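Engineer: Here is how the chains run, residue by residue.
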Amino acid sequence: MTATVSPPCDAEAAICARGIVREFEAGQSTIRVLHGIDADIRSGEMTYVVGESGSGKTTLISIMCGILYPTEGEVKVFGTDIYKLSDTELVNFRLDNIGFIFQQYNLIPSIDAASNAAVPLIAQGVPLHEARERAKVLLDKLNILDQADKLPRQLSGGQQQRVAIARALVHEPRLVVCDEPTAALDARSGRRVMDLLREVAVAPGRACIIVTHDNRIFDLADRIIVLEDGRITHDGKDMPDDH
Amino acid sequence: MLWIAIRMLTGDAQKFYGLLFGIAFSTLLITQQMTIFVNLVQRGASGVYNAPEAEVWVMDPVSRTTDVSYAMPPTALDKVRSVQGVEWAVPHLRAVANVRTKEGDLEGVGVIGVDDATLIGLPARMAKGDKSVLFAPDAVAVDDTGSLRFFPPEIDPVGQRLELNDQRAVIRGIADSIPSFTSTVVLYTRYSNALNFVPGTRNRLSFVLVGVSEGQTPSEVAARIERETGLKARTREEFAQAGIDFIIENTGIPTNFGITVFLGFVVGVAIVGLTFSLFIRDNIKQFGALKAIGVTNAKIVRMVAAQAGLVGLIGYALGVIGTVVFILAFSANPFFKGFYIPWQVPLISLVAVAIILAITGFIALRSVLKTEPAAVFR
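So the protein sequences, as listed, match chains A and B.
Heads up: the first sequence begins at 1 in the UniProt record's numbering, then just goes up one per residue.
Heads up: the second sequence begins at 1 in the UniProt record's numbering, then just goes up one per residue.
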């Protein structure tokens, strides 16, 4: 048996993951979900992580953005080995460097759109009024400034998603992570959201990772990483023909 | 973040009001029941409080309270008067008798004989009439409990005649007194009248009430009386406490009120715990998202603490206000006469509320802290 040698990190990589293994306990047995993943996410690109359900893409992205410890391996985000940070340092690192767009948005139902979008700034200690004003600038960019004072339940699904996008970007993170952003949308709306994300989230020095299995938007990716059974089976500009 | 926490809480009106109700109900139950308990057991000392001039109470060694006493021979009064440091000493008789009401019913009453000359032993104030009315023949002063129980509102008790142990007694005034523990009607009369109203044995003197000379303390004089006369002597405060202790030791009241207060606590834990857990469970995704975004566990703890603190403060205030309203609403009822809320009671309720919130908050918080941020992607 020969040990696999991981390639060195790309100097331009926003994320450099090496030898990522993740195992979960399931009763008496241990299930290995990721089998020694090496992956680079480059700045200025929109990278898709795709794969069937259970392929390990959510686990990989959770590890890459610092919310799930790997069983083995290391992850460098903009040069910082995030799992060598203390718990508090890691949380603060996420707050300052990563923006999240969740599949179900997870907006706080009792505060208005502007306040929801301002949550990361409020968590950073920015005064409420200033945070809301900065969030409104982004809501304006996303064409929902007129909805700024409405509660999430008063917004359509698309508007809620834009608020979630604003929340992910309001503190100007260098890495934006999106989980199934088009899962609940029709094809046209999905493409519009992706265009929007490209417009606001992709920039030099900033990376965007999207977890999806929505093949309607594969053509919009700069790079696609395909996961199968916890292993990367493809890493390139286009989807392989057999998918 | 605390602002967000408060908005999360108040935004879910159903659960917010449920939590407020739980805390307010608990506080009301605990505060109101403890207030009634404290005031009720203090009624065990009402006999002492109703004779404010007496600084020392002297009695037979077997006597325990104003209501549990063994009569002394009349010579006891002279013995006490001869003790150094006694400024004055007057006789005090406490006995029970029967009054036949106008409807022909028998009502047990307490008869208190106060000093013929000075009327020491009467309550400080009269609700109607003057203390001097007791100098009239066969005169008695009824307490306000009796004035309400014996006579309908349209009849003025003053001037009414009573059949007291088959003898004629005329109500000449209404004493403003603290009701007894049993709310028994009390008739005040002069000592010599009381001896006639109440048939008795050779010894009739229940207590000797004592005032101490200037420069002497009641406890010094009480100790000297005990030493020199062989009688039992207690300062006003000691004897009042003895009456309270007697009620606590010889009735089931502490147990019953204790059970109610405990149930108030349990109801609080149950309602608040359940509602708080439901609130946290409903918001677990939002808390998970906050953790993923970069909100530390310490901040999450502060958020939940702020939510618990807000609910606790408002609920507690409502509960205490409820108790005050209850006491005010029933202040005209003789049973509740003089009821007040000792400052210790709201403090104890506050501690109970804090414990309820600490227990329920801790239980609810555990699920938040255990939630992995990665759960938001699942």
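If you are wondering where the hints come from, they were derived from the structure by calculation, not from laboratory data.
From a predicted model like this one, the values you see are computed outputs, not experimental measurements.
Check before you lean on any hint, since a few could be wrong.
As the list claims (entries may be wrong) - Derived EDC-like pairs: lysine to aspartate or glutamate, alpha-carbon spacing no greater than 20 Å straight-line:
| hint | chain 1 | residue 1 | chain 2 | residue 2 |
| --- | --- | --- | --- | --- |
| 1 | A | Lys-237 | A | Asp-40 |
| 2 | A | Lys-76 | A | Asp-38 |
| 3 | B | Lys-370 | A | Glu-23 |
| 4 | A | Lys-150 | B | Asp-12 |
Engineer: Checked against the structure, which of the hints given earlier come out wrong?
Structural biologist: none
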